[in-house]
Amino acid sequence: MITAADLPVIPVFSSLPPDDLARFAQTCGDVRLGSGEYAAHEGDERSLFVVLTGSVEVTKVVDGIERVIGKRVPGQIFGEVPITFGTPYQGSYRASEPVRLMHVSARQFHALAAAFPQVLTEVAALAAQRIGGLQGIATSPPRMRALMLAHEDDERARQLRTFLGRNQISHDWVRADAPDRAARWTGPALPDEQLPALVCDDGSLLVRADIRGVAERLGVQTRPHAVEYDTVIVGGGPGGLAAAVYGASEGLRTLVIEREAPGGQAETSSRIENYLGFPTGVSGDELARRALQQARRLGAEVIATRAAVAIDPESKTITLDGGDALQARSIILATGVSWRRLSAQGFDRLLGKGVFYGASRGEADATQGQDIHLIGAGNSAGQAAMFFANHARSVTLVVRGESIEKSMSQYLVDQIRGKSNIQIALHSEVQALHGDKRLEAIDMIDRRSGAVHRLASGALFVFIGADAETEWLPKAIQRDERGYVRTGEAVARSGHWAAQRDPYLLETSVPGIFACGDVRSSPVKRVAAAVGEGSMAIAFVHQYLAQARRAAGS
38 MITAADLPVI PVFSSLPPDD LARFAQTCGD VRLGSGEYAA HEGDERSLFV
88 VLTGSVEVTK VVDGIERVIG KRVPGQIFGE VPITFGTPYQ GSYRASEPVR
138 LMHVSARQFH ALAAAFPQVL TEVAALAAQR IGGLQGIATS PPRMRALMLA
188 HEDDERARQL RTFLGRNQIS HDWVRADAPD RAARWTGPAL PDEQLPALVC
238 DDGSLLVRAD IRGVAERLGV QTRPHAVEYD TVIVGGGPGG LAAAVYGASE
288 GLRTLVIERE APGGQAETSS RIENYLGFPT GVSGDELARR ALQQARRLGA
338 EVIATRAAVA IDPESKTITL DGGDALQARS IILATGVSWR RLSAQGFDRL
388 LGKGVFYGAS RGEADATQGQ DIHLIGAGNS AGQAAMFFAN HARSVTLVVR
438 GESIEKSMSQ YLVDQIRGKS NIQIALHSEV QALHGDKRLE AIDMIDRRSG
488 AVHRLASGAL FVFIGADAET EWLPKAIQRD ERGYVRTGEA VARSGHWAAQ
538 RDPYLLETSV PGIFACGDVR SSPVKRVAAA VGEGSMAIAF VHQYLAQARR
588 AAGS
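Mapped onto this note's numbering, the consecutive letters of the sequence shown carry residue numbers 38 to 591.
What the hints contain is simulated information worked out from the structure, not anything from laboratory work.
Warning: the hint list may mix true and false statements.
[As the list claims (entries may be wrong)] Cut-off 20 Å, straight-line C-alpha distance, at most; resulting in silico cross-link-like pairs (EDC-like, lysine to aspartate or glutamate):
| # | residue 1 | residue 2 |
| --- | --- | --- |
| 1 | K390 | E230 |
| 2 | K390 | E192 |
| 3 | K108 | E94 |
Please take these sequences and the hints and turn them into a complete structure.
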């Protein structure tokens, strides 16, 4: 309990009689934090804190980077903006040393302000000052962490831009043939064979840059900090990140291995309208960003640009590309799926040169004012069509079947039909692609009449279903005829379960190895389902580890 002797001079409460302030303090929360612990996170519900001892850093994620933007010392408050304007916290507050805080709930504050209006006046005046500072941060130019020089049709450069964007790393790029190249490129003159090249924010230059080298240079974690973990999650999509959040929050030493960037295929969704808790929808990259921040805040390690290439089912040793080995007490497979390849003449030659698997927001500029085509009739194709319709002159959905209603959510069907620049070509397939240095036209065949039409196309995005990439898994992990991992009852029925107990719902044919999300053999392929399975997998991990401890002690 906070007593009068514990209170420093608090300017915003100076109008309160000392006895009233002491009585009020006794009813407030007495919060003690160690260095590095958070009192409040960006987005938390409103409240007010008074610093009694120690100091607190104010941090805010700006352009994907957590920046320290202020400090609070004894006698100062934080939370004045949320408590005054009824908004969530606009920044996070982290102890820079052991601190003691007085926590004032919204109800307590407004009761105090009703009895002593001058308190509200003082806090509101301070809030107005803070709002001005936040506006200055929001309107300041973003700090560029990398500048790239590359040819527009360079597939490696496109992959680098996608990687940087998906990891929320601020960057810009200069086309090698741009007329203003000399003015914008801050690095030395380079021949074409050394492109793509990057100048990083520390002044270093990377030539013939690859994703792993760029990641390491810009501070993206690519190597695990330990060699043994309670649970290792292979895949950083929604299911994997959900498992990381629950595993880390429940005390498990947790590692996520992601070969590209956290978020998985959901990260490329321009808008997910039916995800619980987001009444106006949420973009895939925003959902991935929040989940990644949450997992890391709770203590999970997330490494990117690394792939698991082998698992020893007996020892649960995981081998990464490059030869690194990890020891896991349990494993969760959350590798998702990969887009199915299009078998059309010219596809491989033009891949990355106007032809893309899936879609990301980074491709929006390339579609500005263009006539573009999307192949697919699922939700991913529909979401991409709605997004690109705000940039392209026209968007055509190329659909093999007779309708989109059978495979697409009704809300998306309604939105698409309401967009004047989105057309739907039913009973159609792309037969061939044409272009010299990049895509210029496609041949589209009407499957009913056999007629072929050549259409100008500025970009082609492919959403034609997906396959599980599970060939690298050991034979001991059973899969169905399409390569998806069997779990639970399906494993028990297969005759490949050797343990005395029944397999857990998400457990594979190897005890202690689980699967969740799209890689699991299941008819349900939804973001929400993957998130639910990721959290459930951790519950089964706890049961498995508890059983292993009992067996070891017997």
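Comparing the hints with the structure gives:
1. K390 / E230: holds (18 Å)
2. K390 / E192: holds (7 Å)
3. K108 / E94: With a Cα-Cα distance of about 5 Å, the restraint between K108 and E94 holds, given a limit of 20 Å.
No hint from the list above goes unmet by this structure.
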